[in-house]
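Note that the protein sequences, when read in sequence, are chains A and B. Per the UniProt record's numbering, the first sequence starts with residue 1, numbered consecutively. Per the UniProt record's numbering, the second sequence starts with residue 1, numbered consecutively.
Some clues are possibly wrong.
[Said to hold, decoys possible] Residues from chain A that face chain B, not an exhaustive set, calculated with beta carbons under 10 Å:
1. P6
2. L45
3. D52
[Claimed, not checked] Below, computed lysine-lysine pairings styled on DSSO-like, alpha-carbon distance capped at 27 Å:
4. B:K308 with A:K47
5. B:K421 with A:K79
6. B:K421 with A:K47
7. A:K47 with A:K76
To be clear, the hints were calculated from the coordinates, so they are not data collected in a lab. Glycine included, C-beta positions come from ideal geometry on N, C-alpha and C.
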Amino acid sequence: MNQPVPLSSLEEGQEALVGTLCAAGSIRRRLRDLGLTDGARVVCLQKSPCGDPTAYLIRGAVIALRRQDASTILMKGVKAHGADDAIHRNSRA
Amino acid sequence: MGLTMQSTGTAALDAGLHIDRTDPAMRVIAVGGNPNVGKSTVVNALTGLRQHTGNWPGKTVSTAQGSCCFEGKPYTLVDIPGTYSLFANSAEEEAARDFLCFGGADAAIIVCDATCLERNLNLVLQAIEILPRTAVCVNLMDEAERKGIRVDLHRLQEALGVPVTAASARTRRGLKSLMRAVSRVSREEAPTPPTVTYSPSIERAASRLLPLLCDLPSPGPSARWLSLRLLEPEESWNTAFYNYCAALPQWETIRAVAAECRDQLTSEGVSPSLLQDLIASRLIARAEQIAQSAVTAPPGGGFARDRKLDRLFTSRWTGIPVMLLLLALIFWITITGANVPSELLSSLGTAAEDGLARLFETCGAPDWLTGAVVHGMFRVLCWVVSVMLPPMAIFFPLFTILEDFGYLPRVAFNLDHAFQKAHACGKQALTMCMGFGCNAAGVVGCRIIDSPRERLIATVTNSFVPCNGKFPTLITILTIFFAAGSAGGLVPALLLTGIILLGILMTFLVSRLLSATILRGVPSSFTLELPPYRRPQIGQILVRSVLDRTLFVLARAAAVAAPAGLLLWILANVDAGGMSLLAHCAQALDPIGRVLGLDGAILLAFLLGIPANEIVVPILIMTYMAGGSLTELSLPQLQTLLLANGWTWRTAVCMVVFSLLHWPCATTLATIYRETKSLKWTAASFLVPTLCGAALCALIALIPV
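I would like the entire structure built from these sequences, with the hints used as guidance.
Written out as structure tokens, the structure is:
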């Protein structure tokens, strides 16, 4: 499908699935323990006032990551967040 | 590798942990969970402990324990640090894991957040793998209900294979059923939960080791868990793990087989780092699976309100202004609210002092005794109570409300960029927030920062935020000199906000400076959880913090202010060469004080105030009043007194700056030494703020009028 992009490039309101975790060592383990494993859905919620760090929704928790760390996570299937929900609601209505 | 981490971890764990095992009926229960799921609240509710709780991850940085009795049987509950996993990758994780495995825990309670169950289940699965005698407490059920999240406890219990109970620990709901579950898992036959199955090669290796691990000591980790950990390279084992293994029967055989298994795994393409990845992602996948079957949430996860609040508190345009407004609002409430009780307490104190003096007189006490006890000890005590106590008693609960609400991590989120620029950690903002309450607490809080370098930066700069004990000094001076005639306390509140901003600015500057000099380095990685907003328990906070805080301040006042009052009275009344000792001291310090735009008496007050910042102003007044006697203390009279002693606006500015930037109090210094175990860093923490304050004051003193 589309090219993998770093998590740091997601805009507010976009979501994507985790493809590859490029970080190594302790930060890799930390990110993994937060639930950033293959296929996990991540929503970019909100950038901080200076644009870095950014808050992401990861497995039901809101986690702030710095650009430097988020850029080590490659994402696939980027789309606007809530697109599915909207379709869902429309079809139900 | 891991040795230094381990020593810090165990040291943190060992602090004050003592478990009495003489009673055979006693069961030791480790209470674990993700950060910020209310572990401390559960432990407090069960044991009646009074640990400070707050809505931010990492609140419990050291291990606390308490005991309770259920159905006539004794339990010791140990609150272990909150972690996301038990792979021992950081100091807290290692401490938590080592306690679960080797700390003598008979059973565990894993507290979960019902609003974020999936992530929590990862830790639950890991804990169950280590210790099948685990009870799961799904906490914050009330929050989940409010958000429309439903948790099917039966399914959860079935999937996990251990008792699962629901609780709302803040309102003490569900605690009995939790204790019933704890009693079951710790006293009856151990549950046999289904194991999480890993890839075939890992399972093959583990099953080769398993038969060798049949007679493991109890309490201790399960054979299944041990067999998996033995597959990790020996270099990654910490001392606790190694010592445990070395004491096993047939250890040499086990060790040899484990080495073979590792070689086999490597030949099958499973490297050590891949091994951990495979195990971790399998656990996470299983957690996801369980959560999907047991949790139903509305679209958006029920967090629509949280996202709206986040947009207000952390967005580009409103984040910083709202933060400043909140700060100013808190100060305004503090200043305005403190006026009335301050005056009341002051007049009460004066009346009591008169009464006491008369009583001494009727009893025929000599003048020096009346002077020392009544006009020395008692008077300073009264001043501390009347001038210092009200603002502290108001500020503290207000700040606790913000903390309980979940606002503080948002501050860290907003400010992280600046900390990154200063090559420090955004979590330093949290330690600074704690510093507003008490710098010693802030220094202990620095443990939440993983990188030792960044932790030291946060420690050394913590006293740049004025603690609760400095606020009254700042407020008093600001009100007297810069807000004359203005009603409502708005001007001093704004000025105070400005002073705090100066402190924060200094924190950034000095942090950057330290990163470029004695603590050289680049910022490390940073992950910060922004927890769900929670409704603050206002009633409880008010009662608790006013009472606790008041008692604490009173106790400290009695311990510090009273002796200081006595010492001061003696210094002020013992003549040496026609001048009191106090005057001699003040005179000796005067040249230095003048350079800093202050005077000798002010410097003396700061020096004598080392035991506690609350007593600086009372000491100053005492010194100025050594000659005459003033019966009642009000702001206008204080102003007259200060002006009579040669104060100008410049003195006031320097006083404010120096009280913001000078050495930390004795308690904080002792805490810094305990945390860093280094005289060098304790000295640095003394010198850095002092030099900053002195330099700034000296500059202000040079400004021509």
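Give me the numbers of the hints this structure contradicts, sorted from smallest to largest. The structure breaks hints 1 and 5; every other hint is satisfied.
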